[in-house]
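Protein chains: 2
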Amino acid sequence: MKRTTYLTLLPPEEARARWFKDLDAAAFTLGEEQAPLTKALRRVLSRPVAALRSSPAFHGAAMDGIAVHAEDTFSASARKPLRLKIGAEAHWINTGRPLPQGCNAVVMMEHVHLECVQGPHAEEQWAVIEKAAFPWQHVRKMGEDMVATEIILPPGTSLGPYDLGALAAGGVLDVPVFRRPWVSIIPSGSEIVPLAEAREEDLRAGRALPEFNSLIFSAMIAEAGGEAAVLPVVPDEPAAIRDAVAAALETADLVILNAGSSAGSHDFTAHVLEGMGTVTAHGVAVMPGKPTVLAVAGGKPVIGVPGYPVSAGIAMEEFVLPLLALWQRRCPPEREKIRAVPCNPLPSRPGMEERLRVKLGCVGDTVVAVPLARGAGAVTSLSRADGIVRIPRDSEGCNAGEPVEVELLRPHAALAGALLAIGSHDNTLDLLDSLLRKAHPQFRLTSAHVGSLGGLMALKRGQCHLAGSHLLDPASGVYNRKAIEDNLDEPVVLLRLVDREQGLLTAPGNPLGIAGIEDLARPGVRFVNRQRGSGTRVLLDYRLERLGLAPGRISGYCDEEYTHMNVAAAVLSGRADAGLAVRAAANALGLPFIPVGVEEYDLVIPRRFFAGDAVQALLEVIRGAAFRQAVERMGGYGTEKTGQIVWEYAGKRAGLS
Amino acid sequence: MKRTTYLTLLPPEEARARWFKDLDAAAFTLGEEQAPLTKALRRVLSRPVAALRSSPAFHGAAMDGIAVHAEDTFSASARKPLRLKIGAEAHWINTGRPLPQGCNAVVMMEHVHLECVQGPHAEEQWAVIEKAAFPWQHVRKMGEDMVATEIILPPGTSLGPYDLGALAAGGVLDVPVFRRPWVSIIPSGSEIVPLAEAREEDLRAGRALPEFNSLIFSAMIAEAGGEAAVLPVVPDEPAAIRDAVAAALETADLVILNAGSSAGSHDFTAHVLEGMGTVTAHGVAVMPGKPTVLAVAGGKPVIGVPGYPVSAGIAMEEFVLPLLALWQRRCPPEREKIRAVPCNPLPSRPGMEERLRVKLGCVGDTVVAVPLARGAGAVTSLSRADGIVRIPRDSEGCNAGEPVEVELLRPHAALAGALLAIGSHDNTLDLLDSLLRKAHPQFRLTSAHVGSLGGLMALKRGQCHLAGSHLLDPASGVYNRKAIEDNLDEPVVLLRLVDREQGLLTAPGNPLGIAGIEDLARPGVRFVNRQRGSGTRVLLDYRLERLGLAPGRISGYCDEEYTHMNVAAAVLSGRADAGLAVRAAANALGLPFIPVGVEEYDLVIPRRFFAGDAVQALLEVIRGAAFRQAVERMGGYGTEKTGQIVWEYAGKRAGLS
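Going down the list, the protein sequences come from chains V and S. Take 1 as the starting number for the first sequence in UniProt numbering and just add one per residue. Take 1 as the starting number for the second sequence in UniProt numbering and just add one per residue.
None of these hints come from the bench; they were simulated from the model.
Pairs involving identical chains hold if they fit within one copy or between any two copies, as the list cannot separate such chains.
No more than 35 Å apart at the CA atoms, straight line, and that leaves these computed lysine-lysine pairs for DSBU-like:
no. : residue 1 : residue 2
1   : Lys641    : Lys21
2   : Lys39     : Lys438
3   : Lys337    : Lys438
4   : Lys438    : Lys641
5   : Lys39     : Lys300
6   : Lys460    : Lys641
7   : Lys337    : Lys460
8   : Lys438    : Lys290
9   : Lys337    : Lys39
10  : Lys438    : Lys300
11  : Lys300    : Lys290
12  : Lys290    : Lys21
13  : Lys438    : Lys21
The following block holds chain V by itself, in its conformation from the complex:
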């Protein structure tokens, strides 16, 4: 079979630089248009804009008081106060009002003593001052803020609210802005169908793949100031692709050809584009994102973006967004960087830079990075990520605990409110996060699923704020306490989240008639297991031991999943005949459920975090009616002890003293 060969893979920065050079991108001039200020928010100035009028437009009072001619007051002193007649030598004035003709200073109200005298015709007011005014004191002078003809804003400014105000103050009501760059997006691939037309049965059979990259791209382009047009899906045929690109190039400034998902589709792309112009790069040394094709056709940029969304995202961020920024003379998008400690090792293949998305939490003084799924197709890793770790091409990766640089995808400040839960998976954690955000938008619960024991280990290393755990001690039949005593040094609070029913999930209709754990050893029954260190695995092993069943007798014992929901999905898809999981997972996917037992699912929370605002907010939610009701609706949960502190562990040192 023909294999794609990437002979000379350039690092992304170098590929981008060469592409921009081949394009002569810095010389390209977007058209301009005039935008009224009311329609100019976030438009980008195409040239410097100068003030048409000075601001303020007149000499005005900067204080409430009396306006005077300073030279008239030079004789005033405490010993010899000066009397000025209001309406003649002095004039009441409020802040912001223009100085009357002949005046060049303001005396603050606080320094004016008022005398009222019955004059020949009416009452007369006299202002008495004990200090000379110097010229232009307390006057906001004409042009103090800006003088007509001065530049208010430079080109490349993305107009924010205050910029609009500054322009208005300078008398500028219409501004020259770059016209939006026009980007045409061509989705390709023979099995690709528009999102709204995807039929469930075709999707399940793999006959159709819903097209949603163009939705992501259009949104990215809109946020970068461009205007995207999504063209009809083109099949994986060179002639069809060529025609579509040629047609798009007639109007667009930039054409994005989104490759099909088939292995050779980026070769099609490169082949077609070679025939239409120059290919700057066929493949880039970055994972995900490798099969990106950069080309110039008809003097315009064409980019072949890989089909998988994570790869596609990197191609967009590395090549399309910087080009749109350059065209609009804007700073290339750049992200804030911080140091974080990964909670797991991050192995990587040398020779290729790798971008790994992570969740982040500030635990004490440490920012902890929890790696998300790596697959190029893992679209949830895009939406869940708080940051990106770049593992350089010459590296084999990073060890757990070794600090790495992380590019932030959310404002740094937003991290402060994130409670990081590492440990056992339970669906109620997602529910808890939603309710917490609703009640306290400044907080959120970020959870990573590594099993109960993994959670206790993360707590021990100081890498999370709390851990979900349901570890049965086979000897005593008691949950969690022994594992905490065996593994943790610091004092913790054990808080009951839920009691939950564990049981066997089977295929719809339970065709194999599975009735309990003992049936898992029957020939022809394929099991799907949870990973080592998970409480569910401990429960299974405990039951197997009591039944005297060796794990080796269970087909699929080594087939591991990391969450209850993935166990349920494995059973639903027919990959396995049975799995052990919580009832809520069975209910969610409509699978039969054979109860095995009720277990205690607790949160283990170090004392030092317990009194913090975030944990207290979480506690309030856990103890609230909304959480209880929603949990009960999920089925398979007991909430009698929900929110109760079931045990307090004094820690190792206390235990020894």
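Starting from the known structure of chain V, fit chain S onto it as the hints suggest.
Relative to chain V, chain S alone:
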């Protein structure tokens, strides 16, 4: 005169907390609406959204290769390779395609040896493998990314491009979002006129003030997810204000009453609102922003926002935006904070928190903060600011060089490309900034005007990258060199920016017939001077000395301005009859210009910055044709030596060795 008394001024955080409590803001529920994904960018989810389908929807190949039933391959080994017939026991498969019925593993292409054999009817293909496949190897399993019913995104999520992708992958095409909060803006003030209706002569006479706060507010509200309606301007009359607020409250979720500029207008506001409901705060302990009024009327929030734009901005940021965020269950907006060193002292009045806007530059390892004009009306300070310094209410301010905390208004990364110029003012610096940004969008030139000598002092303290200077040594008649030798320790490059004509600016038509410096001493001639330490002031003093004229004989010698343009504005406005400035300033405002001499305006650049990318980019622009031509168009400049290194200073230590 009645003085406003602020009896109990609360700090802004406390005022906000009380207002939210009076409003019961956390309990307020915005309505919801369904948004199709194509219209959902940056809308905010009103509830958690769960996946409607699993993704991937089928078990698919994660590698190119052959799909097999793993159990069929268990006998394969290097010693005893296994042959599988393609089309029967093994199937070619590309990445992403669904596994054929009966298959549960993929063997990578690299591990497959292909044999072609002439069979009875046609050529037969056989795959030969030397290693067993384990079940589910190289398979992207159904639900690996998300399982139907799992929560994709929590409420309060502002939907970004990748979020739209994750929702689409989960089969969700419409999402529940908060309806946009409705905000009505009522501009008030008897002299206020809509922006487009402001007539030049009325503005200059102070009879009309253009209304542009509503433009700023509307943009801020739009960016915060709300929808603003700007109502007609209301005069400063309690009854009119009451009626307008009452009408607005019928439909709006929040009413912003923008106070007039007159002194008592916030008292009107507070008085009117007391009659309509509860006033939580009449005045807040923050400068600018003090005259803010927070109220609840008809159960809804009403805020009286001060008239000056800087005060208004703070009221919006402190009260309106957090309320809109809370309603949408979003994180309150928070800014990244860094440490910076102010280049000037920042005095402040105790008893009142002060917010001071600053420009920022990274000079070596130090972030330097240059304070912008403080006035509540200085709208350019809003658009030019890179950050905000908060001077606490119990502080009398900060000393120069003493680090302060700065809230960033631009991404940290954008600061890296800013060259900070502190020193003499020249209009060509703004031009240079525009051309630099156009040629190299990653760089910009930020300049602060403190006069030539102030610039050298800033260089000496390591607080800027370069300084514009035109300091004449009266003894030798040579520019800049002596001042550099006297003041700087480190090696610097002296680069000619421009030669420029200095001269006297007079009122249009030169009614006083001013012909030269000597005329400034004539009775009845009012002069406007530049500040001490400026090169222009040095030039004036030099000329006065040569003429034997004592400064005391010049009226207005002590009336100081900081820029050429402000001198020109002072003359144009009639505040002075003459000033000394560059010809370009006279040309800009159309004033007569009487030449006094040509001087050398240089950039002083430390050696250690000279070779850097940013300075080199600046040099390229200075030496380019575009800069030269634009400078010549301004008039009064010579560009013969522009871009030339006119002198190199070896520094103090080198001089001593």
